[in-house]
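So you can see what is in the structure, the chains are spelled out below.
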Amino acid sequence: MANKISDEVMDYVGILAKLELSGQEKEAAKKDMEKMLDYIDTLNELDTSGVEPMSHVLPVQNVFREDVVTNGDNKEETLGNAPLRKDDYFEVPKTIG
Amino acid sequence: MKKQYETVIGLEVHVELATKTKIFCGCSTAFGAAPNTHTCPVCTGMPGSLPVLNRQVVEYAMAIGLATNCEITRVCKFDRKNYFYPDNPQNYQISQLYLPIARNGYVEIETGNTVKKIRIHEMHMEEDAGKLIHDEWDDTSLVDYNRSGVPLVEIVSEPDMRSSKEVIAYLEKLRQIIQYLGASDCKLQEGSMRADVNLSVREAGSETFGTRTEMKNLNSFKAIARAIEGERARQIELLEEGRPVIQETRRWDDNKESSYAMRSKEDAQDYRYFPEPDLVPIVISEEWIARVRSRQPELRSEKLKRYRKEFDIPQYDAEILTESKSMADLFEAATALCQKPKKVSNWLMGETMRLMKENGMEPEDLKFSPENLARLVCLTEKGVINSSVAKEVFEKIFHEDINPEVYVEEQGLKTVNDEGALRETLKKVIAENPQAVADYRGGKEKALGALVGQTMKMMKGKANPGMVNQMLREMLQ
Amino acid sequence: MELLDLTAVELGKKIRQREVSAAEAVEAVFARAETAEPLLHSYVTFNREDALAQAEEVQKKIIAGELTGPLAGVPVAVKDNLCIAGELTTCSSKILSDYRPTYTAEAVRNLQRSGAVILGKTNMDEFAMGSTTETSWYGPTRNPHHPEHVPGGSSGGSCAAVAAQECFYALGSDTGGSIRQPSSFCGVVGLKPTYGTVSRYGLIAYGSSLDQIGPITKDAADCAAVLEAIASYDEKDSTSIRREDLHFTEALTEDVKGLRIGIPADYFGEGLDEEVAEAIRAAANILEEQGAVVERFHLSLVDYAIPAYYVIASAEASSNLERFDGVKYGYRTADYDGLHNMYKKTRSEGFGAEVKRRIMLGSFVLSSGYYDAYYLKALKTKALIKQAFDQAFEKYDLLLGPTAPTTAPLLGESLCDPLKMYLGDIYTIAVNLAGLPGMAVPVGRDQNGLPIGMQLIGNHFQEKILLRAAYTYECATNRQFEKPADIEKLQETCREKTVRNTVEKKEEVSAGKEVQAR
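Residue numbers (the numbering used here), protein chains in the order written: chain L, 1 to 97; chain F, 1001 to 1477; chain R, 2001 to 2518.
If you're looking for bench data, these hints aren't it; they were derived computationally from the structure.
Treat the numbers as computed from the prediction; the structure is a model and nothing was measured.
Be aware that a few hints might be false.
What the hints assert, rightly or not - Below, simulated EDC-like cross-link-like pairs (lysine to aspartate or glutamate); rule was C-alpha separation at most 20 angstroms, straight line: (1) LYS1131(F) <-> ASP47(L); (2) LYS86(L) <-> ASP1267(F); (3) LYS26(L) <-> GLU2235(R); (4) LYS1077(F) <-> ASP2486(R); (5) LYS1131(F) <-> GLU77(L); (6) LYS2386(R) <-> ASP47(L); (7) LYS1131(F) <-> GLU76(L); (8) LYS94(L) <-> ASP1139(F); (9) LYS26(L) <-> GLU1266(F); (10) LYS94(L) <-> GLU1323(F); (11) LYS4(L) <-> GLU2235(R); (12) LYS86(L) <-> GLU1323(F); (13) LYS1342(F) <-> GLU1323(F); (14) LYS4(L) <-> GLU2027(R).
As the list claims (entries may be wrong) - To spell it out: a stretch of chain F is covered by chain L in this simulated footprint if at least three of its residues, at any positions, have a beta carbon under 8 angstroms from a beta carbon of chain L; those stretches are: (15) 1025–1037; (16) 1317–1330; (17) 1389–1398.
Here a beta-carbon is modelled for each residue, glycine too, at the ideal position from N, C-alpha and C.
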């Protein structure tokens, strides 16, 4: 049941994760991923039928804030770390067209 | 002969909720603030920040779910929808996929004389994205996160609509319900209500659905109608040519009246949803639902019933007035001030609607106050101004919300009730129009009208027409 | 240097009694860091001037009687994934190498309210992904007990700093063992609290459903005092828990009579180093001698914790780390052609190999068609693991076992085989999946002089039991395994073995007033 990851899958995951691996990196990552998936596949030995998936381990529920404005103008803090700023905006490469 | 085709349409409607603060932080949602002023670590995706859910968002969503006959999901959760885009500061949107807050509802729409149920598949809560501004000069885009984190509900219908008429009726119905609840102002042009259209065509009589496309960027009812017609034609043309319709997202350009595919190889459209670990489940009890229900404001059907009982206006008027909550609010407020429901209704049904149409406005866009409308009604009722002057004054109110009492005074528009002045004018009119006078005396009742008209003209419209009529008759006897 | 031998609580007492000033304590650790840092590289940022300024402020408040707590004036080191307003917070990653948060993490604010003096930020595995502190973009930290070995990770910098007396205590974070394992490797006490006990607000997330902040200290008493200071209900963290009893220092009594201790037999299987096993057995015997009832039992599902963990943690990490994209903060690549190219180049250049590996894995297991097979399966496994612990805690008050299968490995040994490195977390990971409190306590040394730590695991909210057992053990053993690293000996070893005068710092970092660790 050894997992085989194709180059196409690696490229596809690269698009999803916005990562561009070099040829060498990609080969290594592919091997690691195959190995990890083989290992992860050992979970299939477990019978989990009828088991409710558990995302939160502690029974906390209904945590809310009230609808009250608590923040003022945080423009300078927000923009303070911007790699590229134009006036009071973050500047990014053109998104359409 | 060409084949007959049927259009099959489902809608995804996004509505910005009318909360004071964003869905996961205490930043204001006020529209139109200077860029990036309504931001904080949470809604700009700063590392280490965490979301905390706004209770009011859940309650508005529950209210909309209840009003659209949905089942409320008793244990609902948030999920992350992952995709990279600069208006999405975390590069994931907190939304609901697996356990949305409401499911399996419907609304009824009327087109012509038929009533039709449009089923609602599900409704979920999510956060809005920021705004991108395209700097044509520099060929870059600029990001403003003021809108990032504004609460939305997305209402997903079943593919139950068959024409743009039904689509518009469905949207108007949703808007009416949500406005009545006070859950959103639903302004299409400000983006607080947005619709994506899923459309496919099939041969008439076919049971199976065709391949659908999703159309985005529709900013008005007119654009939606045009986009539907355009996409229907495009798909039929493809089918007629024997080419396949491709399942894709398309962006509508209303200026060019055409659409283009948005897909690029960098958009895999694989959102990798998984449960949001930073938020805990929402457990909705029977009591909570009851509480939300009891706080629900009067809905349209209830309002209609009350109007019939409370106000002496025709059923037809009541139906038109209650179509939009802002119109109904205006009616009630003005009536409360002047106690003349029918008169207020006449102004709203007549001149207001005419001017709205002329200016391409929706009831939400009306700017004038009920106080000034009520004053106008009182002025005409007391005979201070006559009806033609009143129309002129109303236009001023409609556009500039002027105080009619002040305006009438300043412009000298009061009706002249002074008998002496009127008698002088009438004498003149009688002297100058011997033929009409003779005709009237000869039994032609109609001729009196011409004389009244002449008098009104000479008095620049300010005479009281009833008084003119009466005095003329006396003087001509 | 007698001052440095004090525990945090002892120092705090001397400061309150005006025997020592907070500034003197800062100067003492700074002098130690000047010697130790070139060998160890525990810190990413060490800010002497700022620490002295804080010390002065705190001292005034102590004199004015405004600060009376046990930690007032005591210098602390903070892991570099905890935000401090205006201070470099890098997660030991190139992508955040110039990032200064606009706000301070709640746990750090709690310390500040207690009068802590913050020395600087400690080195870690990049974004807490690793078990050795070798994946830091700033280069590895070395084990203060043996310079050719790793300190463990990901809180390796914090643990090394405590062991080398470069601070009096430190904060770490633990997603799969990142406090307990390096504590064990460095011979210090480390505790991961029950999930939700310490606010995660301001902790740069790795695996949100697993991350917890916790103390790294010289002994159990310090551990209790620090936990008491940082634990709080925080309305900014929806997963924060309202706990009634946060008086952890009350647990420091020498009493384990009748305490039921379970030893998972499955923790003593294949792969466990014999020296480690022996030390753990000895520790269990000591507690038994003190009156505890010790019993071996079968915990079950131990082998499934790691695969389940890597699915969940990688999936959450792949999403948590999407925000690092060169738009709002942090590194942006110099040359790019269009938006998507900017994203890809920024992230590919900004993240290290281990981080990329986990992002790729996480994105894959969540991608279309695989969610049920991997993610959902892992969440179900997690439910079963939680059940196994629930059953164990019906019979026992406390579980006791090794923290890691071996002592600290040699530098460079682990990264070439990631799967083997992941297997090193076999005893710690299940504790995070089940949200339980876990604590590492030094119980011995191997033949190379490298520390061995036992792990105590409690049921939800039972930190006090862990602290009581640890404290009792310390008293019974006269704290003989909690001796600090011998820095002079370390210097000698380095000279003898001509260990490369460690850790080249990347140069792009560090503008500003910070004295960067070198």
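**Prompt:** For this structure, which hints from the list above don't hold up?
**Reply:** 1, 2, 3, 4, 10, 11, 12, 14, 16, 17
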